[in-house]
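Enquirer: Each chain, letter by letter, is given below.
2 protein chains.
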Amino acid sequence: MQERKISDNVIRRLPRYLRKLNELQANGVKRVSSFTLAEQLGLTASQIRQDLNYFGGFGLQGYGYNVDALRDEIERILGMKRGYRAILIGVGNIGHALIERFQFNDWGFVLECAFDVEPELVGTVQKGIPVCAAAALPDYLRSNQIDVAVLAVPSTEALKVAEELGRYGVKGIWNFTNVDVQMVAGNAIVENVHFSDSLLAMSYYLSQE
Amino acid sequence: MQERKISDNVIRRLPRYLRKLNELQANGVKRVSSFTLAEQLGLTASQIRQDLNYFGGFGLQGYGYNVDALRDEIERILGMKRGYRAILIGVGNIGHALIERFQFNDWGFVLECAFDVEPELVGTVQKGIPVCAAAALPDYLRSNQIDVAVLAVPSTEALKVAEELGRYGVKGIWNFTNVDVQMVAGNAIVENVHFSDSLLAMSYYLSQE
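Top line first, the protein sequences correspond to chains Y and F. For the first sequence, numbering that gives the first Met the number 0 assigns the number 0 to the initial residue and increments by one for each residue that follows. For the second sequence, numbering that gives the first Met the number 0 assigns the number 0 to the initial residue and increments by one for each residue that follows.
In case anyone wonders, no lab produced these hints; they're calculated from the structure. One or more hints might be untrue.
[Claimed, not checked] Every beta carbon over 10 Å from chain F, so not counted as near; a handful from chain Y, in silico:
hint : residue
1    : 30
2    : 31
3    : 62
4    : 70
5    : 141
6    : 155
7    : 159
8    : 185
[What the hints assert, rightly or not] What the simulated footprint calls covered on chain Y by chain F, stretch by stretch (three residues with Cβ under 8 Å from a Cβ of chain F suffice, anywhere in the stretch; the number is not a length):
hint : stretch
9    : 83 to 92
10   : 162 to 175
11   : 195 to 201
For glycine and all other residues, C-beta sits at the position ideal for the given N, C-alpha and C.
Next comes chain Y alone, as it looks inside the complex (with noise of 0.2 Å):
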């Protein structure tokens, strides 16, 4: 299928359209109108149909979307299909947290090791991953072709390990520091968390209450 160059508004909303497919489906739901997807979303129904009609439109007047082919179809734009490896660095608060609770299969992400410096944590298996020690990362990078590391690191090491992630040829990088490390990573792409966004959303609706 012929793809337009989509605007990342477009993509930002790919993932929120997917929960909730997820969620129809789970509940047996077969078949959705973009009127119920914009209500259940905050949207509106035009929106909807605009944003899907980027890729080829699968929605038929009068039926609305197959749910399990709109979801299959998405997972396929946003390239969950393809089994992209990763790695975490920084076994601290976050990075525990993601390797206890973050489904990374779910999202097609394969998470294969984590990396800390402490003596304590090296050489454990948590949840089923091994931590290996920090400075084996170079080697690790050497001989395996990772696609994406969880940055989690102190602020203070963020822009030394972002760039060693970069020179091995890491493509994306997942920062869950509050360093910009654009900058020195090379030709990878740094996609940032920023916590402060959701808090403010809800921000404004408290303000509106």
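Using the hints provided, position chain F relative to the given structure of chain Y.
Expert: This is chain F only, laid out in the frame that chain Y set:
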């Protein structure tokens, strides 16, 4: 100023504008065009002008936006000057990380107290925040007008705690559990933090390489 009803999409872009404006301000930039903003944010200039026009439009043709004024105005729109009172429930990995590293004050929230069931944690002070016994939560909510609760408890406790928060009139729940708590939370606004949204956006961009 008269404010029209603003779509959720616009609201969710405002924190991104704010982060960029903070960055520009920190770099001593005094004014910025919609074109420059667009380029740096991966949006279109017309999108940005349209978004900011919702609030009265402070851009001047040929001059651009005054960085300080626009930043102040977005802070006002987002309700960031209201000093919302916040508590945090569950000082596990995520809770710890938020206390240690998230700057609630910077975003207009005052984190007053944390709650946990662990005897070793109760009575301690983490980064200036006292950790109280979870059993004391109802009393605390009765005696204090809390606006927002950060929900970082284990999934198994999420519904029970959210129900309690709703019952005591907490206005907003910032939900870090992967449990959908809206149904039990009474009139509270629930804002869910979905780490996967940003990972999937990166997944898309990786798949386009």
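Enquirer: Each hint should be assessed against the structure and marked as holding or not.
Expert: Comparing the hints with the structure gives:
1. 30: The claim stands: residue 30/Y keeps its Cβ more than 10 Å from every Cβ of chain F (closest is about 22 Å).
2. 31: Residue 31/Y is indeed farther than 10 Å from all Cβ atoms of chain F, at 18 Å.
3. 62: The claim stands: residue 62/Y keeps its Cβ more than 10 Å from every Cβ of chain F (closest is about 26 Å).
4. 70: 13 Å, holds
5. 141: Given that every Cβ of chain F is farther than 10 Å from that of residue 141/Y, nearest at about 20 Å, it holds.
6. 155: 12 Å, holds
7. 159: 18 Å, holds
8. 185: 13 Å, holds
9. 83 to 92: holds (count 3)
10. 162 to 175: holds (count 3)
11. 195 to 201: holds (count 7)
The structure is consistent with each of the numbered hints, conforming to all of them.
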